[in-house]
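Colleague: Given next are the chains, with one letter for each unit.
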Amino acid sequence: MKRILFLFLLCLLQQTAVAQWSLGVHGGANSTSITRSHADRVDETYSSLCGFDLGINGRYTINPWLSLRADLSLMQRNHRLQRHLNYLSPVHTDHRNTYLTLPLMVDFSFGGSKLKGHLLLGGYCGYWMGQRVSGTTYTMSDYYVFFVDFNERRDFTREDRRFNAGLSGGVALSYTLADNIALSLDALYYYDLLSHHKGYLNLQDYRYLNTLSVTLGISYQFTKKEQQ
Amino acid sequence: MKKTLLISAAITLLFCSCRKESDYVPYIGESHKLAYNTYEEQFTFIWKSISTGYAFWDVDTTDWDAVYNRFLPRFQALDQRHAKGDSVRFDDLYDLYYGIFSNMTDHHMSVVIQNIHPYPADSGKLVLIQPGRREVSQRDYFIELHTDEKKSISSFLDAIESEGYTVLAHESGTFSFYEEAISSNVTYHYILFQLPDGRRVPYLWQSMAAFTPIIRSLGDGTSAGDGAQLLDHWLRAITDTPREQLAGIILDNRGNSGGYQDDLDYLIGSFLNHPVEVMQTRYKEGPGRLEYSQWAPYYINPNKKYYRDITAERIPYVILCDINSISMGEIEPFCAKTALSTVYTIGERTYGANSPLQPYTDINLNYGGPFGDGRTFAGHYIYTSTFEARINGQITEGIGHTPDQQVLRKDHDGSFRPQLDAAFNYISKF
Chain C
1 MKRILFLFLL CLLQQTAVAQ WSLGVHGGAN STSITRSHAD RVDETYSSLC
51 GFDLGINGRY TINPWLSLRA DLSLMQRNHR LQRHLNYLSP VHTDHRNTYL
101 TLPLMVDFSF GGSKLKGHLL LGGYCGYWMG QRVSGTTYTM SDYYVFFVDF
151 NERRDFTRED RRFNAGLSGG VALSYTLADN IALSLDALYY YDLLSHHKGY
201 LNLQDYRYLN TLSVTLGISY QFTKKEQQ
Chain V
1 MKKTLLISAA ITLLFCSCRK ESDYVPYIGE SHKLAYNTYE EQFTFIWKSI
51 STGYAFWDVD TTDWDAVYNR FLPRFQALDQ RHAKGDSVRF DDLYDLYYGI
101 FSNMTDHHMS VVIQNIHPYP ADSGKLVLIQ PGRREVSQRD YFIELHTDEK
151 KSISSFLDAI ESEGYTVLAH ESGTFSFYEE AISSNVTYHY ILFQLPDGRR
201 VPYLWQSMAA FTPIIRSLGD GTSAGDGAQL LDHWLRAITD TPREQLAGII
251 LDNRGNSGGY QDDLDYLIGS FLNHPVEVMQ TRYKEGPGRL EYSQWAPYYI
301 NPNKKYYRDI TAERIPYVIL CDINSISMGE IEPFCAKTAL STVYTIGERT
351 YGANSPLQPY TDINLNYGGP FGDGRTFAGH YIYTSTFEAR INGQITEGIG
401 HTPDQQVLRK DHDGSFRPQL DAAFNYISKF
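Protein sequence lines correspond, in order, to chains C and V.
The numbering of the first sequence is this note's numbering, which starts it at 1 and goes up by one.
The numbering of the second sequence is this note's numbering, which starts it at 1 and goes up by one.
The hints are simulated quantities; they were obtained by calculation from the structure and are not laboratory data.
Using N, Cα and C, we set each Cβ at its ideal position, and we do this for glycine too.
Be aware that one or more of the hints could be misleading.
If the Cβ cut is set under 7 Å, some of the chain V residues that face chain C in the computed set are [stated by the list, open to error]:
1. Ser22
2. Leu290
3. Tyr298
4. Asn364
Turn these sequences into a full structure, and let the hints steer you where they fit.
Modeller: Next comes the structure, spelled out in structure tokens:
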């Protein structure tokens, strides 16, 4: 991360082109999977679930092919645990996690004056704001199994790491509608480098989230200022 | 441009390798680990299994990481001793596992450890740690299990008959039943009392909670079938006696060692007029210590096979319990208090094994429950709760049920009678 920032600062110092700011909003959907250890029970699988991604983004254009982009996104990062043991097959838990995510990415752009392609690379930090779980659990007696549906907020425990960080990157298409207005279609991937489960001294069990987010955005270009 | 892209790609790859590999995290069903070569290996596997599979990490104050750091070197020392050709004394191994488990909250817990390199004189001797038993024995009102209920009941009957009570019926016996090819015995005393005012009190003493498997055998000619007939008579006396002749009901759970959760359908469901949530359970959903499922309500439904709405008819239902009422023996009065407004409990604060278990053969149910070899006890066998229970919003594991009226046997030279007297007094004045 430090190296990316260093490269960016170098570019800033050497810039000869026009620098300009833009601010935009974006919204869309994502799909999140979880990467866990092989502690999984044989009848337990994890799968992706969809969520929303809403946010604002700012861009600082350094030169025609290089800019810096920062987002502030409210993202759901959802995934499912499903049991398969024959008489417990209805049992599942959908984890609906809400994260406030702040990605900072270098944006390499190419293409024409109106339609441009973008390659984004960077990292993000985030904060796990809340979690909700829904699904089916069970209780049982000696002879019977009873299934119970649930949909409720889940409290955090000391095992949950709420600060989150990782790598982000992806591709985007932008189209300039008018002088100051541009539309964009982003496909960004968020790759956790911090486990959201803290684990224990002698028993680490890491859990990482992976999110592919596709959003539509619109941005407004604020200023156009000549620089030395 | 190319250079920048290459640098960025290299940084990305560098970060991608930053995800860490998890440790080996066993879940408790991995029975292939039952044969050990070293004490360290045995301890480490048990330590990890309890870390992932123990149902009470939210209330248990044991510092499990400190246990690892403190005891691992001591097990390594045992291995070194064995490597030098010495055997390991039973007492040495017992002291280590006692230090690890003796303060744990789970009152069902029973830890059985095989000494893998025993001193010849100790061969075949198994380490047995029961933290619940240890805690209960330190309570100031602790008293040993009353083992001769037959004699006590007989002397009680003799005494009260001279006080104007009449025994209209008395059936008792020890009955065998089979569940999954395992034979068990349960003892019952059904007595139909008549108070001096002429009203009746059907009374049942049960040595364990086996109502369900017994009553299912009604009429099949087996020993269990005979027991079922006795239970049928108790229930019929409750359901068929006219209200003006029925003073109340007594269920005597003193010394009840636990058993079947489905018994609640008879002992509570028979008297309910609508479904009632009597407790909630949850289980270990993952290997994290605090990784629980959501709480699931456990309901009892009205049981129309034997039915009387004792709440509507205001019939008092007294349940006797004591420090030796264990598991279902204490969950029954707990849940009955929750479900039925005319229930009144008398006796002593109960044992505190309040969370349900499933057999170790059901190890794949979730991340908790009994694990190891429960048949031959090879390597280890840890009997621990499958679920965590919450009754009236409280986790009462290790605490037990506190009765409405406390009458301690210890205050009466261990006598069986004062608690019974209290039950009859309550019913007479209700």
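Colleague: May I ask you to test the interface hint for V/Asn364 with respect to chain C, counting a Cβ-Cβ separation under 7 Å as satisfied?
Modeller: Holds: closest Cβ of chain C sits about 6 Å from V/Asn364, inside 7 Å.
Colleague: Would you check whether V/Tyr298 satisfies its interface hint, that is, whether its CB is within less than 7 Å of any CB in chain C?
Modeller: For V/Tyr298, the interface hint holds, since the closest Cβ of chain C sits about 5 Å away, which is under 7 Å.
Colleague: Was the hint right that V/Ser22 lines chain C, CB cutoff 7 Å?
Modeller: 3 Å, holds
Colleague: Checking hints one by one. Is V/Leu290 an interface residue toward chain C, by the C-beta closer than 7 Å rule?
Modeller: 4 Å, holds
The earlier numbered hints are all upheld by this structure, with none contradicted.
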